[in-house]
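Asker: Chains as they are written, first to last, in our numbering: chain D, 54 to 500; chain L, 71 to 358.
Any given hint might turn out to be false.
In the DSBU-like style, the derived pairs of lysine-lysine whose C-alpha atoms are separated by at most 35 Å in a straight line are [said to hold, decoys possible]: (1) D:Lys181 - L:Lys298; (2) L:Lys281 - D:Lys104; (3) D:Lys458 - D:Lys181; (4) D:Lys72 - L:Lys298; (5) L:Lys333 - D:Lys109; (6) L:Lys298 - D:Lys132; (7) L:Lys298 - D:Lys165; (8) D:Lys302 - L:Lys281; (9) D:Lys458 - D:Lys497; (10) D:Lys302 - D:Lys106; (11) D:Lys449 - D:Lys468; (12) L:Lys281 - D:Lys107; (13) L:Lys281 - D:Lys106; (14) D:Lys401 - D:Lys468; (15) D:Lys109 - L:Lys298; (16) L:Lys333 - D:Lys113; (17) D:Lys106 - L:Lys256; (18) L:Lys333 - D:Lys104; (19) L:Lys333 - D:Lys106; (20) D:Lys150 - D:Lys113; (21) D:Lys107 - L:Lys256; (22) L:Lys298 - D:Lys106; (23) D:Lys181 - D:Lys302; (24) L:Lys137 - D:Lys150; (25) D:Lys107 - L:Lys298; (26) D:Lys466 - D:Lys440; (27) L:Lys333 - D:Lys107; (28) L:Lys298 - D:Lys302; (29) D:Lys177 - L:Lys298; (30) L:Lys298 - D:Lys94; (31) D:Lys165 - L:Lys333; (32) D:Lys177 - D:Lys401.
These aren't lab readings, by the way, just hints derived from the structure by calculation.
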Amino acid sequence: MVELEIGQEVEMEYGGSAKVLSVIGSGGQGTVYLVRFNGMKWALKWYDIDKMKKPKVFRKNLQTNINDGPPSNKFLWPKYLTKETADGTFGYIMDLKPDGFDSFVDILNTYKLEIDPLTGHAVKRPVKFASLTAMVTAVINIVNAFRQLHRSGKSYQDLNDGGFFINVNTGAVLVCDCDNIAPDGSNFGIGGKPGYMAPEVVRGIAQPNVQTDKYSLAVVLFKLLFRGDPMEGEKVVRDVCLTESSELKHYGQNAVFVYDPNDASNRPVRGIHDNVIKFWRIYPDYIKDAFIRSFTTGISEPTKRIIENEWQKLFIRLRSEIIMCGCGRTNFSSMFVQPNEKTFKCPKCGMEFASLGFSDRKYRMPLYLGCKFYECEISPDSDDFTKIAGELVENKLKPGMLGIKNCSERNWKAKMPDGTFYDIAPGKGFPIWQGLEIDFGEIKAQI
Amino acid sequence: MSNENINEPVVNATPTPDALDSFEPASAPDTAGASALDFDDDPLSATGVSRKSLVIFFLIDTSGSMKGKKMGELNTVMEELIPEIRRVGEADTEVKVAVLTFSTEVRWMYSTPIAIEDFEWARLRASGVTSMGAAFKELSARMSRNSYLNSPSLSFAPVIFLMTDGYPSDDYREGLKELQSNSWYKFGLKAALGIGEEANDDVLAEFTGSKDTVVHAYSGSQLAQMIKIIAVTSAQIGSKSMTLSDDTSHELGEEDVFSAKQKLLGQQIQELVSNQVEDNDVPFDTGW
Numbered sequence: 054m055v056e057l058e059i060g061q062e063v064e065m066e067y068g069g070s071a072k073v074l075s076v077i078g079s080g081g082q083g084t085v086y087l088v089r090f091n092g093m094k095w096a097l098k099w100y101d102i103d104k105m106k107k108p109k110v111f112r113k114n115l116q117t118n119i120n121d122g123p124p125s126n127k128f129l130w131p132k133y134l135t136k137e138t139a140d141g142t143f144g145y146i147m148d149l150k151p152d153g154f155d156s157f158v159d160i161l162n163t164y165k166l167e168i169d170p171l172t173g174h175a176v177k178r179p180v181k182f183a184s185l186t187a188m189v190t191a192v193i194n195i196v197n198a199f200r201q202l203h204r205s206g207k208s209y210q211d212l213n214d215g216g217f218f219i220n221v222n223t224g225a226v227l228v229c230d231c232d233n234i235a236p237d238g239s240n241f242g243i244g245g246k247p248g249y250m251a252p253e254v255v256r257g258i259a260q261p262n263v264q265t266d267k268y269s270l271a272v273v274l275f276k277l278l279f280r281g282d283p284m285e286g287e288k289v290v291r292d293v294c295l296t297e298s299s300e301l302k303h304y305g306q307n308a309v310f311v312y313d314p315n316d317a318s319n320r321p322v323r324g325i326h327d328n329v330i331k332f333w334r335i336y337p338d339y340i341k342d343a344f345i346r347s348f349t350t351g352i353s354e355p356t357k358r359i360i361e362n363e364w365q366k367l368f369i370r371l372r373s374e375i376i377m378c379g380c381g382r383t384n385f386s387s388m389f390v391q392p393n394e395k396t397f398k399c400p401k402c403g404m405e406f407a408s409l410g411f412s413d414r415k416y417r418m419p420l421y422l423g424c425k426f427y428e429c430e431i432s433p434d435s436d437d438f439t440k441i442a443g444e445l446v447e448n449k450l451k452p453g454m455l456g457i458k459n460c461s462e463r464n465w466k467a468k469m470p471d472g473t474f475y476d477i478a479p480g481k482g483f484p485i486w487q488g489l490e491i492d493f494g495e496i497k498a499q500i
Numbered sequence: 071m072s073n074e075n076i077n078e079p080v081v082n083a084t085p086t087p088d089a090l091d092s093f094e095p096a097s098a099p100d101t102a103g104a105s106a107l108d109f110d111d112d113p114l115s116a117t118g119v120s121r122k123s124l125v126i127f128f129l130i131d132t133s134g135s136m137k138g139k140k141m142g143e144l145n146t147v148m149e150e151l152i153p154e155i156r157r158v159g160e161a162d163t164e165v166k167v168a169v170l171t172f173s174t175e176v177r178w179m180y181s182t183p184i185a186i187e188d189f190e191w192a193r194l195r196a197s198g199v200t201s202m203g204a205a206f207k208e209l210s211a212r213m214s215r216n217s218y219l220n221s222p223s224l225s226f227a228p229v230i231f232l233m234t235d236g237y238p239s240d241d242y243r244e245g246l247k248e249l250q251s252n253s254w255y256k257f258g259l260k261a262a263l264g265i266g267e268e269a270n271d272d273v274l275a276e277f278t279g280s281k282d283t284v285v286h287a288y289s290g291s292q293l294a295q296m297i298k299i300i301a302v303t304s305a306q307i308g309s310k311s312m313t314l315s316d317d318t319s320h321e322l323g324e325e326d327v328f329s330a331k332q333k334l335l336g337q338q339i340q341e342l343v344s345n346q347v348e349d350n351d352v353p354f355d356t357g358w
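Model the full assembly from the supplied sequences, consistent with the hints where possible.
Answerer: Here's what the structure looks like:
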């Protein structure tokens, strides 16, 4: 491997050179350096081509990806290739990870290590989502990123916990390590990480593709929500030592989901898998059912794995079912008491929440101060889950009066307490009352 | 799917390991505090994911012949190495370090393996003879579920890294025989570094099980390079594992993956070492 020296100039393919400033990190395929190119700072990934099976093909694929551009702005995508050195070594530059993003690894660990530059001592800093909404938003963003990638006909190949950065305050997601992304069906010798790889890849009977990506995606989502490994339970822990053959068995030949309803042999173990045990009680059944399907039927039948669009719908629903109670308790509506079909009650403080029913779905959206709904929830043609369409606010002129503000760009109609419908222009609002009906156009809603 | 029919088993005090029947069972893990879970329903209050542990054992010769520059170099490298290994552990691996020194006596640097985040190198001093056999016996006694490998969760097979500059002064074969009957040793990743002219690579290959995972350092700069190469590579492989086969025409069996990591370690060490041969012919004690 040809390591770069600090201060060294690396020639870029289309002229100019990048000056190596420092080492950012190293991984299985090479080393990432901080470089200066055209007056800006970039990250340069420099490959260890000895470890590559087909460097020429790999480089060509990278070139194609650069030409195609990223599927969306959620990807830290390769920007420019370097020239090849005499022995064929090369790299590419990409944008630096922006501030405010933590690695998925640190989120799973719940802390990150910061090294004191003087003493070398490591200090633990907590890493935690600022709100439940930020966490569910991160899930939606991850799912959406892979939907965009797969739509462009490509697969990520080695999806694992090292592949994402997340802003824990907003739920924004950045997909990194995009250099192995390849057209569905092709593979340039990249493996994957046990626990994230689809069983058929572990068993050696398939190479990574869009279907195996879907399995890995389900693992990532499970780990983010349930904070544990979907296949690691009693059966696996009994093995004590995770050797190559036990990995082949537990993640390949005989993978059993910890909550497989028809096979109780691998349940989570108290004292080791407390997170999974706790969170499995909290999430609503439709989320659990999706994971059960992914990790039972989906193990042996790749085509029956949950598609990204389906995940996206499930998590948009989950986001709309979050209740932030005035007493400080934040949870999903399924964890609240339902004295009747339309009301949710906090089991801790007794506060009651009305809910909104929409004409195109069965589940109801609980209403609380600050709750929001999004463009995709009031317009059947919209896929926009980030643009806020409406928010529950307090009237600024009449304190104590709660109402819904139209944050969208279209007129709505709402039934007022006098029994007639009024036009609600963007920026305007209307009070919440027992007989409230809203007409968003194609979709209608009522209390 | 309702919540009621889910019953979580507690860890069996005496599980019956099947595939690895020679791994002795764990002592019952601490289940205290489990009942408190029922009252906590905050979807954001998670603890870190249960991590697999990887213990790296350093077996270091501190006999009198290591005195001076060799020990000075070794101490410095090890201090610098710790932050590098810290970066290797991933979200699901907790890397721990245990250091066993052997001279006339056999001694652990700390009484238990220490998490890499908290590990601080205590500088070693050299004196006495090379009781390698006794070190093997002590290692075998501690590489047990009831002793140093007592993580309640899963463990990767340990990394065992031997460094010596001389021929053993005791019956190393007897100690090695005992070690070889230990399952953790069998599945572990073994590597060895011979320091200077006196160290015998054949003895080291007996310990690692293959010549690929034995390297030799003749100079101070080589010593530093080799220690880093071996420690970082074995920690990476130990905490990750499993690479894919290109051939998807036949399903992998146990025989295909058996000791795959040890083979990979041998390959990678040889590749890396072959890139570092420049100062090969400078004897260890010159050029300082």
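Asker: Would you mind marking each hint as holding or not holding in the structure?
Answerer: Hints, verified against the model:
| no. | hint | result |
| --- | --- | --- |
| 1 | D:Lys181 - L:Lys298 | 34 Å, holds |
| 2 | L:Lys281 - D:Lys104 | 21 Å, holds |
| 3 | D:Lys458 - D:Lys181 | 31 Å, holds |
| 4 | D:Lys72 - L:Lys298 | 26 Å, holds |
| 5 | L:Lys333 - D:Lys109 | 27 Å, holds |
| 6 | L:Lys298 - D:Lys132 | 33 Å, holds |
| 7 | L:Lys298 - D:Lys165 | 24 Å, holds |
| 8 | D:Lys302 - L:Lys281 | 30 Å, holds |
| 9 | D:Lys458 - D:Lys497 | 16 Å, holds |
| 10 | D:Lys302 - D:Lys106 | 27 Å, holds |
| 11 | D:Lys449 - D:Lys468 | 21 Å, holds |
| 12 | L:Lys281 - D:Lys107 | 28 Å, holds |
| 13 | L:Lys281 - D:Lys106 | 25 Å, holds |
| 14 | D:Lys401 - D:Lys468 | 33 Å, holds |
| 15 | D:Lys109 - L:Lys298 | 30 Å, holds |
| 16 | L:Lys333 - D:Lys113 | 31 Å, holds |
| 17 | D:Lys106 - L:Lys256 | 30 Å, holds |
| 18 | L:Lys333 - D:Lys104 | 15 Å, holds |
| 19 | L:Lys333 - D:Lys106 | 18 Å, holds |
| 20 | D:Lys150 - D:Lys113 | 25 Å, holds |
| 21 | D:Lys107 - L:Lys256 | 34 Å, holds |
| 22 | L:Lys298 - D:Lys106 | 25 Å, holds |
| 23 | D:Lys181 - D:Lys302 | 33 Å, holds |
| 24 | L:Lys137 - D:Lys150 | 47 Å, violated |
| 25 | D:Lys107 - L:Lys298 | 28 Å, holds |
| 26 | D:Lys466 - D:Lys440 | 20 Å, holds |
| 27 | L:Lys333 - D:Lys107 | 21 Å, holds |
| 28 | L:Lys298 - D:Lys302 | 33 Å, holds |
| 29 | D:Lys177 - L:Lys298 | 25 Å, holds |
| 30 | L:Lys298 - D:Lys94 | 30 Å, holds |
| 31 | D:Lys165 - L:Lys333 | 33 Å, holds |
| 32 | D:Lys177 - D:Lys401 | 33 Å, holds |
Checked against the numbered hints listed earlier, the structure breaks hint 24 alone; every other hint is satisfied.
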